[in-house]
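Peer 1: Residue-level listing of the chains:
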Amino acid sequence: MPKDNPPVITANNLKKYYPVKQDGFFKKDINLKALDGASFSIDAGKTLAVVGESGCGKSTLARLVTMIEEPTSGEFTISDINVVKSSKKEKKTLRSKVQIVFQDPYGSLNPRKKVGDILEEPLIINSELNKSQRREKSLAIMEKVGLTQEQYNRYPHMFSGGQRQRIAVARALMLNPSLVIADEPVSALDVSVQAQALNLLMDLQEEMNLAYLFISHDLSVVRLISHEIMVMYLGRVVEQGEKNTIFDNPLHPYTIALLTATPRVNADYRQKKIRLSGELPSPLNPPSGCTFHRRCAYMSDICKNSAPEPRQIAGRVVSCHNVDKI
Amino acid sequence: MGNSTNVVLIENEIAPPHPLKEFWKYFSENKGAVIGLYFIVCAVICAVFANFIAPHSPFDQYRDAILQPPFWLDGGDSKFLLGTDDVGRDILSRLIFGARLSLFVGVIVVTLSLAAGIFLGVTAGYFGGFYETVIMRLMDIMLALPSLLLAMAIVAILGPSLQNAILAIAVVVLPHYVRLTRASVISEKNKDYVTASRVGGAGPIRMMFDVILPNCMAPLIVQATLGFSAAILDAAALGFLGMGAQPPTPEWGAMLANSLQFIQRAWWVVTFPGVAILLTVLAFNLAGDGLRDALDPKMKR
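Chains A and B, in that order, are what the protein sequence lines are. Residue numbers for the first sequence follow the working numbering, beginning at 1 and rising by one. Residue numbers for the second sequence follow the working numbering, beginning at 1001 and rising by one.
Just so you know, not all the hints are guaranteed correct.
What the hints assert, rightly or not - Derived DEER-like restraints, expressed as beta-carbon distance ranges:
hint, chain 1, residue 1, chain 2, residue 2, range
1, A, 140, B, 1034, 41 to 47 Å
2, A, 206, B, 1034, 52 to 58 Å
3, B, 1134, A, 131, 37 to 43 Å
4, B, 1128, A, 131, 32 to 38 Å
5, B, 1128, A, 87, 25 to 31 Å
6, B, 1141, A, 192, 27 to 33 Å
7, B, 1203, A, 27, 53 to 59 Å
8, A, 131, B, 1153, 48 to 54 Å
9, B, 1134, A, 136, 43 to 49 Å
10, A, 284, B, 1146, 43 to 49 Å
11, B, 1203, A, 133, 17 to 23 Å
It is worth saying that the hints were derived from the structure and are not from the lab. Glycine is no exception: its CB is placed at the ideal position from the N, C-alpha and C atoms.
Use the sequences and the hints to build the structure in full.
Peer 2: Written out as structure tokens, the structure is:
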């Protein structure tokens, strides 16, 4: 597919292992494979949704991309700068390119600082603007996200959850980022407020040509906001492709199970639920072969022994041995 | 049209009041704290203007009025409102000048130990690892020694004087501040707003002292006010043991010690310095509580 502009971010086989100490003197540390190979790219103005259960590596991915942590292996490029190999100076410019909106708007705003100070902190660190310019800029962004000027001097505790999330979004936009990581940005909000927040995110995307890495476990939200979807299970990507391709015709058994689990109001659309049996296995001791095989309805012998390689099938990438049989 | 002006009016009314005014509003809800604060203000005024308030010099000995009782007792004289001590010095005047010393001790001790404790605690909590282990084990060792004993040992090495007593007390109370700061820093540093600042590019100094520290201040303020009273108490104890302020300095603890032998004959010589210590310590504790409630934005409605 020819592209006019290079993607905002390209990631190639990102991995993050955490060493975990074992009891006993002579036992070696074992690796917790929080993220085991993720490759993707996001174009400006597009949204990649990352979907999966808790503990599947979604937030680890967010921490890597925001440069809070370094990947164990793999590479990713933001605005044509290789992040892993970048110099300190380049990292500093990259910081302003990637910003994050957190899940919990009650924990993500410094309770001791006024809204204005929270918004201006990134500017103080990363720009040469003086006080009145900073104020001007934060008031402009506040207006953009639907906050009023009077709220500039208030503390976060004076706001509702939805308003706080607007402040968090405003803070993420202060440095004119090209990529915004949204780590479950609406799952802590009421459903009525969720819609507002999502609309805000989508309006801002259109206006500022932002790329979103949207982490969520709520598939109806994902369906609304995303362009591409990446389904993860236990640190691995199981299926990845265009939104409609995946929603209309999921191939990986895990994706199918996830999609049928979405509640629907209209009875006509209700599908027979595929219940996954068993718990999410411990990432410290993942099952052999395909990590999903113990919960999979289509499991065969090969699944127990060898891990499936990602394959390009029907317009998406899927990691499953038995795609053809499903 | 009428509607929109109404909206504007309401918005203006909601606009937050001046921070000091707001602080006072929450602080004054706590009656005990206000009383404590008034007492502290009185003590500070006494200390600052001791030269003008005190009826006599704290060192003048009135040989004709030794161990004179307070003015309301038989034999009392309105010249010496709270009576005189064993060498005929006016107790009230000595108490007023003693407030100067006690508050001075409190301020210096708290400033020293708070500054050092915050620095060590924040860096230990933020950086962790070997650095943290070294600092925290050192603090554990200091805590393992009885505090007054440690203070006495330090004073014994440096020589008994008020300055050395202050230094000794500051060292002895240090572990409390370090541990408290470190604990709050550790609980704060993994919160999302700290991560958000890091994503915004904040360096370690800004992270520690601008982002995290203000959120750890509530327990520290309480500890500091409690520490203020503890410092006054400890200084009095050292003075009582003869290792703090040396006579004839009108230090409350030393006053207690010097007049202990007269407790049967002249209760006022011992009682008034004791009551002064008690009230001052109590006032700081009350005010500290109120301060905590008023400074914590999470407790505001």
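Peer 1: Measuring from beta carbon to beta carbon, are residue 206(A) and residue 1034(B) in 52 to 58 Å?
Peer 2: holds, 55 Å
Peer 1: Is 48 to 54 Å respected by the C-beta to C-beta distance linking residue 131(A) and residue 1153(B)?
Peer 2: holds, 52 Å
Peer 1: Could you see if the CB distance from residue 140(A) to residue 1034(B) stays within 41 to 47 Å?
Peer 2: At 44 Å between Cβs, range holds.
Peer 1: Can you tell me whether the CB distance of residue 1134(B) to residue 136(A) sits inside 43 to 49 Å?
Peer 2: Check passed, 47 Å falls within 43 to 49 Å.
Peer 1: Would you say the C-beta atoms of residue 1203(B) and residue 133(A) sit inside 17 to 23 Å of each other?
Peer 2: holds, 22 Å
Peer 1: With respect to the beta-carbon atoms only, verify the hint that residue 1134(B) and residue 131(A) lie 37 to 43 Å apart.
Peer 2: holds, 41 Å
Peer 1: Is the distance from the Cβ of residue 1203(B) to the Cβ of residue 27(A) consistent with 53 to 59 Å?
Peer 2: Check failed, 38 Å falls outside 53 to 59 Å.
Peer 1: Does 27 to 33 Å hold as the CB distance between residue 1141(B) and residue 192(A), or does it fail?
Peer 2: violated, 57 Å
Peer 1: Could you check the hint for me, namely that residue 1128(B) and residue 131(A) are 32 to 38 Å apart, CB to CB?
Peer 2: holds, 35 Å
Peer 1: Hint says 25 to 31 Å; check whether the CB-CB distance for residue 1128(B) and residue 87(A) agrees.
Peer 2: Taking Cβ atoms as reference, residue 1128(B) and residue 87(A) lie about 26 Å apart, which means the hint holds.
Peer 1: Okay, residue 284(A) versus residue 1146(B) on CB: inside 43 to 49 Å?
Peer 2: Holds, since residue 284(A) and residue 1146(B) (Cβ atoms, about 46 Å apart) stay within the stated range.
This entry does not satisfy hints 6 and 7, going by the numbered hints stated previously.
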